[in-house]
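Residue numbers (this note's numbering), protein chains in the order written: chain A, 1 to 834; chain B, 835 to 1056.
Hints were generated in silico from the structure; no laboratory data involved.
The C-beta atom is built at its ideal place from N, Cα and C for all residues, glycine as well.
Just so you know, nobody snuck in bad clues.
Facing chain B, a subset of chain A residues (Cβ under 8 Å, in silico):
1. G459
2. R739
3. F743
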Amino acid sequence: MVMRLLLKSARRFYLRHPWQLALAIAGISLGVAVYVGVDLANDSARRAFELSSEALLGRTTHRLLPVGGPLPETLYAELVTERGVSRAAPIVEGELRLGSGPGRRYTLLGVDPLKEGAVRGFVGYAPGSAGDVGRLMLEPGAVLLPETVAAEIGAETGHELDVHVDGRPVTISVAGFVRDAEAGADAPAVADVSTAQILTGKLGELDRIDLRLDTEAARALASDPPPGTTLVAVDDGRGGFGELTRAFRTNLTALGLLALVVGMFLIYSTMAFAIVQRRKVMGTLIAVGLDRRQLLAATLLEAVFIGGIATIAGLALGHLLAQGLVDLVLRTIGDLYFAERVAAAEPSRWIYVKGASLGIVATLVAALGPSLDAARSAPAATLRRAALERRSRRRARLAAWWAVPALAAAAIAVAADPRNLYLGFAALFFVLAAGALLTPAATGALMRLAAPAAERGFGLPGTLAVRGVTASLSRTGVATAALAVAVATVIGIGLMISSFRASLVEWLDTTLTADLYVSLASAVLPDGEPVDAILDLPGVAGVSMTRFARLPTAEGEVSLRAVRPGPDGWGLELTSGGDDAYQRLERGPAVAVSEAFAFQRRLDVGGTLTLPTPGGTARFPIVAVYRDYNTGSSAALMSLESYARIWGDDSITSLGVHIADNADPQAVEASLARLLPASSGARIRSTSGLVDVSLAIFDRTFKITEVLRILAASIAFLGVLSALLSIQLEKGRENAVLRAIGFSARQLGVLTLTQTFLLGLAAGLAAMPVGAALAALLVHVINRRSFGWSMELVLSPGPLLSGLALAVGAALLAGVVPALRTRRLAVAGALREE
Amino acid sequence: MDQVQLTRVCKAYGSQRVLDNVDFCANRGEFVVVIGRSGSGKSTLLNLIGGLDEPDSGSVAIGDTRLDRISEAERALFRRTRIGFVFQFFNLIPTLTVAENIELPLALNGLARPAIADRVGALLDELGIGESARRFPEELSGGEQQRVAIARAVAHEPDIVLADEPTGNLDLETAERVLHLLNETCRRRGATLLMATHGREVVGLADRVVTIRHGRIEAATW
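Using the sequences and the hints given, assemble the complete structure.
As C-alpha cells, then:
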C-alpha cells in the first residue's frame, strides 16, 4: 500500500514535470544507444571479416609461398606428383577494379576449379553446373562475378566488361556469378588459374599454393620445402591483420565506453536531480514514519521504471545508429587492412542483452547515491535545502582531494606495463574520473574569482548569478562535472586527431622526397628501359628506385621495401638508430624496421630480423627504426643492392622521379605520361596527389571518431540542458520573487543566461586540462599500444578553444529555454505555490 | 483622488471566479486590512494592485497609472519604484545575505553604491537586524526573516506596501511585534499599507478593515 502510494507520488511528480522525465529518458537512452550502436557495428564488422576470410581461405590449413621471386607453376605438378600432396590448389591473386566504379576494388581469385573442392569449395556455392565450370576453364577471359556486383552494374552472363586487373586494362567475359557467402560478406571474383595468369600478366607463375595438410604432412613439408618457397600456417598469416583490426575495434569499443561513461554521468545527473528535488517530500515522509528502506526501495523501483523505458528506447536508437556506423567501420577497416569490400553481417543478439543490462544497472547505480543520501539523512536535515547545499560544498572539496589518488592510479596504470592496452584505457578512465572529481571544486573556485568582476560589472544581479551557481552545487555540481567530462572527451579526441594529422603531414613531407611516383605494371631492371628513358627526360634530376617484396615468415608476412635512394636521400624519419644508420644500410646487408613492426615484435636497433631467402633463413642486423604510418604493421627496409644480391632479384617495381629545381614540374609530368601511357599499365602520381589521397583516407578513417565526438557532444548538451532546465524550473518561486521586487522579464532572462554561461565556462575551463591529459594518453599510450605508432602531441588551440566554445555554447543554448520560460512566468501563481 | 482605485474588477482562474465585480479604494498613507477566509480572493486583490496579475475585466488604477493598460515591462518598472511586497513565507533570496537582500530593490532602482550602503545601514538599525547583516536568510529565525522582508519592502520608499499574510508563518508574540514594526515603518514613510489576512488580531491597528467573501467585498469598517 505504502509502496503504491509512493510510486503514485513519483508518477505524479513526473507528470507535473514532463520535461524532466523526457530529459531523463533521453539522457539514459542516448547513453545506451551509443554503447549499443558502437558494439553492434563492431560485432557486425568482425563477423563480416571472419566470413570474408573464411570465403578466401576455406578449409586451407597452410600456404606454400614464394621467397625472392615468383612461384613457377611447374612446382604445383611437382608437389602433387613427386611429394604426394593431393589436397593442393594453385592460386593466382589479383586486384580487380571496375572501370565504372571509381575506387571499388575486388579480389580476383584464380583457381583450378577441379582442385578447389579439396581445400575451399567455390564450386560449392558458385552456380554449380558443369557447363559453368567448363566455360570458366575454356573460355578466354571468363570470370565469375560476385552476384551483388553483377546486380549493381547490370552485368549478365555472356556480357563483356572492360575492367582493370592489377592496374592493367583488360576485357573479361561474365561466365556466371558467385553467390555472396551466407551472412552477406562479399565474395571474390573467380577465374580459372590460367585466365587469371593472363589477366594479371603472371604467365607461368603462381602466387601461392593453398594446402590442406595434417600435422605430420605439414611438419615434413616445412622441414624440406621446395627451393625458393616457404610453408606458412594460415593462422600465422591471419595473425597480423587480426591483431590490427582487434586494436582498431578495441579503440572503437573504448570510445563507445567513453560515450557510455559520459552517458552515465548524464543518467546520474538527471536521476540525482529528480531525487534531490523531492528531498523535502522524502524528509516529510520519513518524518511521518516511513521506513528508510521503503523509501530507498521506492526510489530504486522508480529508477528501474525510468531506466527500463529509456533502455528500450536506447536499444532501438542504438540499432539505428549501428546501421550508420557499421558502414563507417567497414570502410575504415577496409581502407586500412583489406583490398576487398566487405558487407555488413548480422551482429550477435547478446549485444542487446548487454546494452539492456548496462542501461538498467547504470540507472540504478546513478539513482543509488542520492537515494541512499536522502534515506539516511535526518528528516530535519532532509527538509532543509541549506543543509544539503552545505553538504554538497563539503563533498565538492572532499571530491577534489579524491582526484589525487585517481591521478596516481592513472600514473600507475600507465607505468605498470608499457605494452598493455587495457591498462592504458584504465589510465584514460582514471584521468576522466579525476577531472569529474575536480570539476565541482574548480567551479566553486572560478565563481569566487568571478564574483568581484560580476559584482562590479552587473551589481547585485551579477552577484546573484555567481552565487546561484555555487549555492546550487547539489544541482549544478554533477551537471558541470558531466559537461566537463563530455567536453574533455571531445577535446581529447580532437587534439589526438589534430596531433596525428600533423604528424602524418610531417611524415609524408619527409617520406615523399620525389616529385612524381611511378608504379610499373611489371618489374623492370634498374639500368634498362624505361628507367634510362626517364633519366633522359629534360628536367629530371634523378630517380629513386624501389622493389616491394612480401616475405612469409613464421610470424606472418613481412613487407620488405628494397630502396635505392634518389638525390634527396632515403626519406626516413628515424626514431632510433645511430648517425651511421644510413651508411650501414647502404653497405648492407642490414635492415631498418618500421616502428609498428619493432613494437609488435619487440625489435630494436642492435637486434636482428630473420627473413626467408632463397638460400634459407638469414638474420639481418637492425640498424634503425623508422616512423611509418602505413597500416601494414610488419614493414622493413633495406638497400636495393643488398636485396638484389641476396634474393637474386635485381628488378624494381616503382620509381620516384626527382625534378630539377629550375624545371617545370607539369612539363616533366606530361613528358613522363607520354613515355608511360596509361595503356602500359604504369601509374603516375604526383607527391601532392599522394598527400591528398593519404589525408583523405586519414580523414575517412577518423570520420567514425568524429561521429562519436559529435555524439559525446550531443550527450553533453542534453546533460546540461536537463540539469539547467530542472534547476531553473525549481527556481520558479525565487524568480517570481525577483519579478515581484521589480526585475523585468528581460533582466531575469539575462540573469538565467549569465548563470548558465558561468556554468558552461567553468565546465569548459575544467575540461581543457583534462582534455589535454586525455590527448596525451591517447597519443603516447593508446595509439602506441594499439598500433605501435609514435607521434608528437600538438596542443593546437583549435580543439581546446572549440571545446570551450562547445561547453559555453551548449550551456547558453540550454539556458535559452529556461530564460524564455521566465518571460512567461506567472508571478502570482509561482508565489502562491509553496 | 484615491491612491488605489479598483473598479468593477473581475478575475477568474479557469472556471473558478476569484474576484467578482470588486470595487475597492485606498487613500495615501492609509493602513487597510483585507480580511477573508482562505480562497476568498484577498491575495488576488493584492496581486492585482501590485501588478503581478491582470484583471479579466474592470480597471486597476494606482494614482494616475492604469495597470490594466500598461505593458508587462512597464508593470515591472512600476513594481520596482512604487510597490513593496511582504510575503507570508518571507521569500528572501537564499543566496544573498540579509544586507544584500535589502540592497536588491535599491540596486534595481539604480541608486549609487554609497547611497545604497547608507540606506541599508539605516534600515538594518531601524528594524533591529544590524547584527545579522552578513548572515544568510537560512541562518535567521522566522521573525528575523520577516523583518528583513519588511526592510526590503520599504527600502526603495514605495508608495504602497502590500503584505500578504505577513504573520501567517509566525508565533503570536513574534507576529504582534512584526505587525507593529510593519505599521510603524510604513507610517514613518507615509506609505499606504494594504494587508491581507484571515485573522482579526490586526484590526485594532488598521485605519480601515475590508471583508472579502467569495470574491466580493462585503463590508468596510472605519
